[in-house]
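Novice: Protein chains in written order, with this note's numbering: chain A, 2 to 81; chain B, 6 to 190.
No incorrect hints appear here.
Derived DSSO-like pairs (lysine-lysine); straight-line CA-CA distance at most 27 Å:
id : chain 1 : residue 1 : chain 2 : residue 2
1  : A       : K58       : B       : K28
2  : A       : K58       : B       : K47
3  : B       : K190      : A       : K58
Not close to chain B: a few residues of chain A, all C-beta gaps over 12 Å, as computed:
id : residue
4  : S26
5  : P27
6  : C29
Since the hints were derived computationally from the structure, they do not count as laboratory data. Quick reminder that beta carbons are idealized off the backbone N, C-alpha and C, glycines included.
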Amino acid sequence: MKVEKITCKDVMSHICESLGEDLESPKCIEIKSHLDECPDCSNYFKSVEKTIDFYKKYNVELPSEAHNKLIEFLGLSEDK
Amino acid sequence: MEEQQIIEAAKNGDKKAMSELVKSYEKTVYNFAFKICRDSLKAENIMQETFYSMIKSLRQFDGKSKLSTWLYRIVSNHCLMEARKKKYESVSIDDDDGLYDNSYAAGWDSVPANVVENNELKNILDEAIQKLSPDYRIVFLLRDVEGLSTEETGKITELSVPAVKSRLHRARAFLRKEINKAFQK
Ligand SMILES: [Zn+2]
Numbered sequence: 002m003k004v005e006k007i008t009c010k011d012v013m014s015h016i017c018e019s020l021g022e023d024l025e026s027p028k029c030i031e032i033k034s035h036l037d038e039c040p041d042c043s044n045y046f047k048s049v050e051k052t053i054d055f056y057k058k059y060n061v062e063l064p065s066e067a068h069n070k071l072i073e074f075l076g077l078s079e080d081k
Numbered sequence: 006m007e008e009q010q011i012i013e014a015a016k017n018g019d020k021k022a023m024s025e026l027v028k029s030y031e032k033t034v035y036n037f038a039f040k041i042c043r044d045s046l047k048a049e050n051i052m053q054e055t056f057y058s059m060i061k062s063l064r065q066f067d068g069k070s071k072l073s074t075w076l077y078r079i080v081s082n083h084c085l086m087e088a089r090k091k092k093y094e095s096v097s098i099d100d101d102d103g104l105y106d107n108s109y110a111a112g113w114d115s116v117p118a119n120v121v122e123n124n125e126l127k128n129i130l131d132e133a134i135q136k137l138s139p140d141y142r143i144v145f146l147l148r149d150v151e152g153l154s155t156e157e158t159g160k161i162t163e164l165s166v167p168a169v170k171s172r173l174h175r176a177r178a179f180l181r182k183e184i185n186k187a188f189q190k
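With the rest of the complex left out, here is chain B (with noise of 0.2 Å):
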């Protein structure tokens, strides 16, 4: 079955429709939802919601944008909710100073190529990326991880496409940043 026939169906109520969808979107709904709070537990919680979401709202999806684009703004939404209630504290990159420190640590000739299986690194991307303030970590996962569009990462996010462009810069500058300093230890 086409994806369009099993969303026609999981529309009218169809059980086994409903079951297809979140099998095929689990992965990336989690993994997605694992890379902006870098928590297994919260990755679950936001799956559980953003599916609920999905099957609660099903009938308004109106097919002009990929499923998979709805879903990721359904997670993007509850993750900033979830920030917003905790007053996220974060450092500021509004000023350029430093945001461009060129100096080179060692440790990125090192770093062997398997990142899942080196905890020291992994520790340090996950440190890195939870001192950027969530919209921009958002907008660096869709476009530069998850491989979206500009166009489409402004659509989930809201943004214009030069606000995409200039937190995107932002972002990856403040994460190298980050991870040079890391290696430099």
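In isolation and in its complexed conformation, chain A is listed as follows (with noise of 0.2 Å):
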């Protein structure tokens, strides 16, 4: 139990590094196995997972009027 099992924080330390790589070398596996027995890790997997998702799903709209602004500014307004 104790000798080279990996611990918990491995597998979360691993999972902040390796998200959106490829998963498939021996280590990773150990880790899939891992997330399927822990509900700690699991958790800690998805809620990664969210965090990126949170940041990806907030955008904001160009205002019209900072559009107007950076033509103006750039001298690039058509001619009248």
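Two chains, each in its own frame: build the complex with the hints.
Specialist: Here's what the structure looks like:
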């Protein structure tokens, strides 16, 4: 049990490191089976994925006012 | 017209082509600037500076990288310059203690899917990412949020691939920890 067994901390660190990378190495396979058995790590995994997802979905609109100011600032206004 | 042709025309001073380029990339640039500085006025200024630099130095653009990569680099440099001027004070994430706090707040399961309409969550996200120093923030945003490759992210930030990975790793763990803390309140 104690010898060379990966710890939850290893697993969590690995999750943060390798999300989005190729997950076929022997270490990753071990991690995956750990995730299946350990609710703490599996929750951790879920929350790291959600963290990334939150920031991905958080977008802002470019205000049309800002667009107009930009074009003017650059001297690219259409000649009237 | 292909983008390549538009770029060539813009290099020769064609204003219409320049506006085309601005229109194609202004949303990306504005959004990325906003995501780094979390402030709409600053984002607007950075966007102006970025396109000003683009037009000024377009002749030096050799087409070896994508124009978007080039623009990301200009935005990143502007933001890093700003941050250095301010002598940015952010929390150190150099030591591992507490970085992998595995407590799990109920908030993770109860967040509705629509992030943008959830002001409370937006505040949490803004606060968490602002605690991250800008050089970590930029790596996280380029790689995870904008979806660039590790290599492209390295080119833009002038970091080696292992350095990108290590920052990304810490940035993810740090943001997750901060959001978790906020969900516990
Ligand atoms: Zn575990």
